[in-house]
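Undergrad: Read off the chains here:
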Amino acid sequence: MTTETRADRTDEAIDAARGLEFYSQMVHIRAFEDVVNDLYKRAAMPGLAHLYSGQEAVAVGVCQALHRDDYITSTHRGHGHCLAKGADPKLMFAELLGKEIGYCGGRGGSMHIADQETGNLGANAIVGGSTGIATGAALSAKSLGNHRVAVCFFGEGALGQGLLYEVMNLAALWTLPVIYVCENNLYNEYTHFRETTAGEILARPAAFGIRAERVDGQDVRAVYAAASALVARAREGGGPAFLECDTYRYHGHHVGDIDRAYYRSKDEEHEWMTTRDPIGRFGEWLCEQGFAAPVTLDDIRSQAATAIEAAAQFALDAPYPVAGDVWRHVYA
Amino acid sequence: MPETPQRELTFAEAVREALAEEMRRDPRVVILGEDVAEAGTPFKVLSGLVEEFGRARVIDTPISEAGFTGVAVGAAMTGMRPVADIMFGDFLTLTMDQIVNQAAKIHYMSGGKLKVPMVLRTTMGAARRSAAQHSQSLHVWLSHVPGLKVVLPSTPYDAKGLLKTAIRDDNPVVFIEDKMMFRMKGPVPSDDYTIPFGVADVKRVGTDVTIVATSSMVQTALGAARMLEDAGISAEVIDPRTISPLDRGTIIASVKKTSRAVVVDEGHLQYGVTAEIASMIADEAFYHLDAPVKRLGAMDVPVPFSPPLEDATVPTEEALVDVVRGLFKKT
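Protein chains in written order, with this note's numbering: chain A, 679 to 1010; chain B, 377 to 707.
Take these hints with a grain of salt, some might be off.
Stated by the list, open to error - Result set (DSBU-like, lysine-lysine): computed pairs, CA atoms no more than 30 Å apart in a straight line:
no., chain 1, residue 1, chain 2, residue 2
1, A, K719, A, K768
2, B, K705, B, K632
3, B, K489, A, K777
4, B, K489, A, K768
5, A, K777, B, K491
6, B, K491, A, K768
7, B, K420, B, K632
Treat the hints as calculated values from the structure; they're not laboratory data.
Note that this is a predicted model, so its numbers are computed, not measured.
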């Protein structure tokens, strides 16, 4: 099986059209999360959400290296992965608000959005819990011979979970087409990863003979280049890889985590947001290349904000599931 | 036409035949587990399968129960129909996140879009002198979780038919075989048959008391029923075959007929399968009962190693007979 996008997606060069697509995706993710935060603050959203703001270059850089029918597994901080893989913001908001028309009929919510149409096997609320699923999807791709690749997104907090090491061992033994993408945003919830993570991160996959690389996760071009090479290698039978992306989450662990001074400073947050912002940096690069004028980027941002507001309104207006349907989907 | 004499297979052979037939029928069926290939598992249940289907479909894994169970979940979600082999039921503890948080809930959490058509085959049962970490019967843990189906075959015939149903089911199914039954022989048709889930089997017809028994306890119940017959008590033995889903109707109809009920299962007594079934009987057949519903299960102690201690923990025919006879005593 092939998809029409396969050939052009192996080219790592970013032209103007492609660059604007990257930019637009990152901007949409940022706008989406801003609206989620607003919905939370207005008490218009049930429960909590874990915002992806600040990490956009990872999801976009990696997912742009994938085909539509390639698989991803995502995390509790998964809105960015979902959007970057091609999900519709209207149906995502509907899911976040527990509406029937949402991706999962409101049964999953923010931490469990799945969209099989775009190969998204689901966000996961168990840290490291989806590493087996991604590896299994890679086994299935290899067994069925469909040339798909699986990407397993997880935060550096998952480095403490044993399952990750069990499945990396299997993936290496069986030469599976899976890329383990570690988004190192520095904090395991409310604890700096240096307090929880012994030794060197890349030494861990390397011990299994897995190709391990580290990239600036705030540079979408670098993420895209690294991911493209690893995905192509996996697709050609070269086996699994591990990509550590250095990144930063702008908000707290979740929307309600507002007082953060006890675990990280305002100065540190300010530094990342002003000097390493993935959208700002990439926008500057687009202008330097002559791919866009600043006003074009302003337009993209304002159009994204409008579109995302409309998507949220669509979801707010959508009906809830009826309580009598609570039994549906327990069994297939 | 003269009837063809029924072919007899052991329980292990029936399981192997079901797997082989399903693997021939459907190339998406693969087996994953520790020492499943050339070794054929320590119980030799899978002997010969790797020779027919090759190592790409009978896949030896490292000793990583959580890992290969998770891989089975992901493979099931993306077009395969894996059978994960957990050598001892005690090792289910290592797979719990992948089974309980992932496999059981993915269909529901995705609003019905994703499916996890996998089987987790494992064992249960004490009396092999294997001590506390190789002897447990933990099936009730999994029966507590919506989204899973739990199958407890008690005969070679049921094992083949139920395992084929499990492999064809679009849900995660936990299929638990009592280690003490692998050599048990019984009639097994060579043709392709399946047994639906949620349909109990009346293993013995009787009129005075209903014994609901699972897995190896079915044989215990049948032995007790023969002893009770000599005492003038006619026992009906009902084997639910699947405890999730549970065939409530057959059990309740039997109790309404006999007016007495004993439930026996090899899991621990506290909060066990027997408690669920007894409470259902009390709820739905209370006014038909002539005596309290009684339960027998494994003693609420870790399974001990020493033979006289281990034997004391498991329900026996004699203990079951005593309990049943107690229901007929005039006070």
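Undergrad: Each hint: holds or not?
TA: For each hint, the structure was consulted:
no. : hint               : result
1   : A/K719 with A/K768 : 20 Å, holds
2   : B/K705 with B/K632 : 20 Å, holds
3   : B/K489 with A/K777 : 16 Å, holds
4   : B/K489 with A/K768 : 18 Å, holds
5   : A/K777 with B/K491 : 21 Å, holds
6   : B/K491 with A/K768 : 24 Å, holds
7   : B/K420 with B/K632 : 43 Å, violated
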